[in-house]
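Numbering-wise (full-length UniProt numbering), the sequence shown opens with residue 1 and increments by one.
Any given hint might turn out to be false.
Estimated spans, in silico, between C-beta atoms of each pair [to be verified]:
#1 Leu-68 <-> Lys-41: 30 to 36 Å
#2 His-69 <-> Ala-111: 27 to 33 Å
#3 Phe-86 <-> Lys-109: 29 to 35 Å
#4 Lys-109 <-> His-79: 26 to 32 Å
#5 Thr-105 <-> Thr-70: 19 to 25 Å
#6 His-79 <-> Gly-107: 28 to 34 Å
What the hints contain is simulated information worked out from the structure, not anything from laboratory work. Each residue gets a CB set at the ideal place from its N, CA and C atoms; glycine is no exception.
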Amino acid sequence: MGKAVSALLGKVKGSPHSLSQEEHVEGHSPTPFAAENRTIKLVDVEQDLADRMYLGYLQHISTRWPLLHTPHIAELHCHKDELVDFRDKMILHLIYANGARYLETTGEKLAFVPERHYMLLHKL
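Between the sequences and the hints, there should be enough to build the whole structure, so can you do that?
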């Protein structure tokens with residue numbers, strides 16, 4: 001959640017919380033994609049990875065900080081390839097990014113690339 005908040009606060013000019021592009025992309029992701037300046041589309045996220053990031057968010061983040069209505073994000077996740085509303089896409093990217101970041105802290109070494117989900121917010 002800290003990266004998401006920092007990305008949003010970074011939009012305020014002169015904010016002490018703003019991140020440079022290099023700081024924003026640097027992360028813990030073990031994949032070569034993490035250092036690339038590319039965002040990711042929801043349709044490009046493999047279903048297995050999407051499920052793991054979603055469950056990581058539900059089990060470890062939303063239980064502590066229940067900011068979003070769980071049935072709503074469950075529906076977004078189920079229809080990730082069909083979403084057209086910009087806000088729904090951004091919500092799901094935040095869910096995946098935060099779930100992926102948590103899973104990385106547990107030592108999982110898969111291609112979660114949370115930075116690519118966060119970069120969408122950074123480019124707003």
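Hint-by-hint comparison with the structure:
Checking the proposed 30 to 36 Å range against Leu-68 and Lys-41 shows it is violated: the Cβ atoms sit about 21 Å from each other. For His-69 paired with Ala-111, a C-beta distance near 29 Å keeps the hint of 27 to 33 Å intact. Taking the beta carbon of each, Phe-86 and Lys-109 are about 32 Å apart, inside 29 to 35 Å as hinted. The supplied range of 26 to 32 Å is met by Lys-109 and His-79, whose beta-carbon atoms lie about 29 Å from each other.
The supplied range of 19 to 25 Å is met by Thr-105 and Thr-70, whose beta-carbon atoms lie about 22 Å from each other. Separated by about 31 Å at the C-beta atoms, His-79 and Gly-107 satisfy the suggested range of 28 to 34 Å.
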